[in-house]
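Asker: Position 32, counted from 1, in the sequence shown is what my numbering calls 21; the numbers after and before it change by one each time, with no gaps.
To be clear, the hints were calculated from the coordinates, so they are not data collected in a lab. You may find that some hints are simply not true.
[Said to hold, decoys possible] Below are the DMTMM-like pairs computed for lysine to aspartate or glutamate, each with C-alpha atoms no more than 25 Å apart in a straight line: (1) 69 / 14; (2) 69 / 59; (3) 69 / 101; (4) 16 / 42; (5) -9 / 52; (6) -9 / 85; (7) 16 / 44; (8) -9 / 22; (9) 69 / 85; (10) 16 / 43; (11) -9 / 34; (12) 16 / -6; (13) 16 / 97; (14) 16 / 101.
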Amino acid sequence: MKRYDISDNFRSRIHTIRVTFQWQEYKGHIAYEIGGNCRGLNVMDVDFDCMDEDDISSLVENDCSFRWNENYEVWQMELKDEEGNICECHDIEPREINDYVVAIEIIDCRLENEN
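Work the whole structure out from these sequences, hints included.
Answerer: Here is the structure:
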């Protein structure tokens, strides 16, 4: 992100938040948008317990096929290394998903009425 203008907190913004997952050398990302007049660290509070299928389908980035398996009640994703090799993580317990998060960052911020 080139510029992060938060000089006026009374204007609603759309933040794009990117989450990086990693296991050993394998990585993957999801990104989502969040609106409101919050900023900074307050918009980077990721709560996977509150995510549902609609949230996952509305991700603006999901390069790791991040998903919830309702039948087994586990998180699943496919992480990749730099050579493109895939590590299938198909049995991540809800209490363990945060252990895979190595970065949360704001990658975009725009006023709500901007395109």
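Asker: Quickly compare the C-alpha distance for residue 16 and residue 101 to 25 Å and report which way the hint goes.
Answerer: Violated, at roughly 31 Å.
Asker: Take the C-alpha atoms of residue 69 and residue 101, compute the straight-line distance between them, and say whether it is at most 25 Å.
Answerer: Distance of about 34 Å is beyond 25 Å: violated.
Asker: Given the hint that residue 16 pairs with residue 44, does the C-alpha gap stay at or below 25 Å?
Answerer: Distance of about 21 Å is within 25 Å: holds.
Asker: If you draw a straight line from the CA of residue -9 to the CA of residue 85, is it 25 Å or shorter?
Answerer: Not satisfied, since the Cα-Cα distance of roughly 33 Å exceeds 25 Å.
Asker: Does residue 42 sit within 25 Å of residue 16, going by the straight-line distance between their CA atoms?
Answerer: Holds. Residue 16 to residue 42 sits at ~22 Å (cutoff 25 Å).
Asker: Would the hint linking residue 16 and residue 43 be met if the CA-CA limit is 25 Å?
Answerer: The given pair, whose Cα atoms are some 23 Å apart, holds under the 25 Å limit.
Asker: Assess, step by step, whether the Cα of residue -9 is no farther than 25 Å from the Cα of residue 34, and give holds or violated.
Answerer: Holds. Residue -9 to residue 34 sits at ~22 Å (cutoff 25 Å).
Asker: Regarding the pair residue 69 and residue 14, is the alpha-carbon distance no greater than 25 Å?
Answerer: OK: residue 69 and residue 14 at ~8 Å, within 25 Å.
Asker: Holds or violated: residue -9 with residue 22, Cα cutoff 25 Å?
Answerer: 18 Å, holds
Asker: Residue 69 and residue 59: Cα distance at most 25 Å?
Answerer: 24 Å, holds
Asker: Mind checking the alpha carbons of residue 16 and residue 97 for me, to see if they're no more than 25 Å apart?
Answerer: Holds, at about 21 Å.
Asker: Hey, residue 16 versus residue -6, does the alpha-carbon distance stay inside 25 Å?
Answerer: 30 Å, violated
Taken one by one, the earlier hints fail for this structure at numbers 3, 6, 12 and 14, listed in ascending order.
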